[in-house]
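With chain A fixed as given, assemble chain B onto it according to the hints.
Protein chains in written order, with full-length UniProt numbering: chain A, 1 to 490; chain B, 1 to 147.
Bear in mind the hints are in silico, worked out from the structure with no lab data behind them. The beta carbon of each residue, even a glycine, is placed where N, CA and C say it ideally should be. Hints may contain errors.
[As the list claims (entries may be wrong)] Which bits of chain B does chain A cover? Going by a derived footprint, with three or more residues having C-beta under 8 angstroms, they are:
1) 69–79
2) 82–93
3) 118–129
[To be verified] Restricting the straight-line Cα-Cα distance to at most 20 angstroms, the calculated cross-link-like pairs of lysine to aspartate or glutamate (EDC-like) are:
4) B:K84 with A:E129
5) A:K83 with A:E343
6) B:K60 with A:E77
7) A:K230 with B:E96
8) A:K424 with B:D40
9) A:K230 with B:E97
10) A:K83 with B:D64
11) A:K83 with B:E62
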Amino acid sequence: MIKFGSNYAQKIQHLYSNKPFSFAIIGSGPAGLYTAKHLFNDIENINIHVFEQDLCPTGLIRYGMAPDHQRIKRVAEELLTIKQYEQCHYFGGVTIGKDITIDELDHMYSAVFYAFGAQCDKPLNIQGEQLNNVYSARQIVNWYNSHPNYYDLDITFKNKNNIAIIGNGNVALDIARIFGLNQEELQKTDINEISIEKLKNNNITNIVIIGRRGLVQSQFSLKELREMTKLTQFRFLLYKPDLIQSLNEESQTECKDLGINYGNVTRGNRRKLEFMRGFEIIEDEATMDAILQEQNTNGKINVILRFLLTPIKIEQINDQLHLKLQHNQLSGKAFNQMAIPIEEQSTIKCDMIIKSVGYQSHNIDQHLPWNYEQNIIDNSDGCIKKDNSKLKVGSYACGWIKTGPKGVIDSTFGSSQETIVNFKNHMDADLIKNIHDPYEEVVNLLKQRSINYIDFKVWDRINEFEIQQGLKVKKPRIKITKNKEFLQFL
Amino acid sequence: MNEQMQCNNYHNYIILMIRVLIKYGAAQQKMVTFFFKNKDNSLTKVTGQIGQNLLQIAHKNEIDLEGACEQSLACSTCHVILPKQLYDKLSQPIAEEEDLLDLAYGLTETSRLGCQVQIDERFENVVIQLPKATRNFYVDGHKPKPH
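Just chain A, with the same shape it has in the complex (with noise of 0.2 angstroms):
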C-alpha cells in the first residue's frame, strides 16, 4: 500500500515496482512490530518475517508493560495490523542465533532488522546480590506479566515490612505501584490470580527506592510519578539531607530554561522539580528511623525517595537484610555530573530487595557486530556497521538494541523510524537486493530442526482464547503461562 502525498513512497514504488524484497525483523517488540508496519506501509511488494523468541507476538507490551496500564497495551492491536499481509510472516518461538544463524539470514533476505531489545539486567556486582528475597526487576516485571519463564517465581510478601527498590527509573516507580494495589485494582489488571494472591492483603509499610544519582538526575518520568500520587494509598517522602545535597548549582542549571537546544532535558527536569517540590519531607535520621519501623499506616505506604546512594553489599542478619550503602556526592559540570563516593556510608535494613538499575542487552550470535562498551548492537544511526570504516549494509537494528534500553515507546518509534529513513536511502541508491519470498526455505528449515513455532494464524486463536477467559470474570484477558499450553493451539 502506498501512501498518496508521500512523495518519497511514490518514489520507491517507482523504482522498484515488479521487483520483490524479502525482510527479517528479528523481535516482535514494539520496535520490530513498528518497523514492519513502516516498511509495508512505505514500499510496494515486499514480504516480512517476524522472528520472535517467545511464542508471544509483542515483547515488552504483554512480558514488560505494567499490567494496570492496560490501555497503551492496546498499541499491540495497531502493531499486529501488519497481520492482514499475505507477505508477512510470524514464527515465533524461533532463537535467532541458535535455532537459525544470521549468516543464514544474511542468505535468505534482501535486509535484516535487528529488534530484539535488552533481554537481561544490568548487574549490581555486589556482594549479596544473590541472596533470598534479592530479585531483579526483570524478574518481577516478567512474574507480574505472566512469562512463561517467571509465572512460577519463588516469591511472598509474607511478613514483608520494608522494600528495597535498587534503581529509580521508571521500571521501580511500576513495581512500588504494582507491589501497592488494592484488591479491587489488582483485579482489573490482567495479573494471573495465583501472583493476585501474594500481593493482595500484603504488609508492605514502606518503600524505600534508591538513585545512585541526585533528584534531578532521577530516571522516572513525572508522568509515572503523578499516576501514583493519584493512588489514595501512597504517601511520597523526600529526605532532607539528600536533597540539600541533591540540588546542588550544576543541579539547578540542569532545570533552568536554557532554549530549545536543550529539547525535553531541562524542561523535564524542571516540571520534576516543581512537583516533588509539594512531597512531605523527612526533617532528620532519627524521624526517618521511626518511619522506616512503622508498623501500622493503615494501609497506607511510604514511598520514600533516597538520592545519592550507591549500594555496595547486602547481607542477611537473622530474618532481615542488611542494604550497604555508600553515600556519594554530586561532581562535575552540569548535565555531566556523576556521583563521587563521599565518606559516609548507612544501612537500610529490609525484608525484600529489588534491583531495578537497568536492562541490558547481550549478543545473540558472534557474527554481529557488537559494542560492547555500550552493549548494543555497533551501528550508526541504525546501520549496522561492519568495522569502523565501513558499514554492513543489509543490516539494520531498531529500538534499544540500536540506542540502549532508555525512554518510552515513543522513543522506539522515533528511533526505528530514523532507521527506515536510512535504510530507505540504501534501497534507493540500489545497495539492497532482490530476493524472493523465502517462506518455504524457512519452514523447510525450522522442520528439519524440529523447531515448534506458532503463527499469526495459531496466535489470533490463543489471543481469543485468553480474552474470552478474561471476559468471563470481567478482567482484560487470562494469560496463559505455560509454553506447553500455547503449543496445545498449533
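Here is chain B on its own, set in the frame of chain A:
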C-alpha cells in the same frame, strides 16, 4: 428555443439548489480545511469537522500519526507541532499532557498531543507539522550543547 431556455433555467435551478444544499450542509457540519506536513515534507490537505481532534482527523486521512494509547493520555506518539500563532491562541495543555510532552521525541516549543487538540475555525488553512526523525536522538549520556 423557448424549450431550450426553459431547460437551461431548469438546469440552472437544479445547480443552484445543489449549491445551496452543499453550502447549508457545510455550515451545519462546520468543516475546516487545513494541512498536515508529513515527515518527508510533503503536504496533505485534510478536512475535519469542528470539535474533532487532530489525531482523529489524521487517522481518517491516513496521516502517519501513531496514537498508540487510544487517546487515554498514556503516551506521546501523536505528537504534532503547531504554528506559533495558532499555538498561542489555544488554551494551555493540562498538566498530564505536559508530562507526556516532556517525553516526546523531537519536542518543540509549539508541540502538542494530537489527541488533545480540537479543531475550530482558527485551524482554517494552517499547516500542522509531524515531528521528524532526527539524528539527535536523546539517550543517556547525551550532552546537549548550546549554540
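Hint by hint, here is what the structure shows:
| no. | hint | verdict |
| --- | --- | --- |
| 1 | 69–79 | holds (count 8) |
| 2 | 82–93 | violated (count 0) |
| 3 | 118–129 | violated (count 0) |
| 4 | B:K84 with A:E129 | 53 angstroms, violated |
| 5 | A:K83 with A:E343 | 58 angstroms, violated |
| 6 | B:K60 with A:E77 | 18 angstroms, holds |
| 7 | A:K230 with B:E96 | 12 angstroms, holds |
| 8 | A:K424 with B:D40 | 12 angstroms, holds |
| 9 | A:K230 with B:E97 | 16 angstroms, holds |
| 10 | A:K83 with B:D64 | 18 angstroms, holds |
| 11 | A:K83 with B:E62 | 18 angstroms, holds |
Going through the hint list in order, the structure does not satisfy hints 2, 3, 4 and 5.
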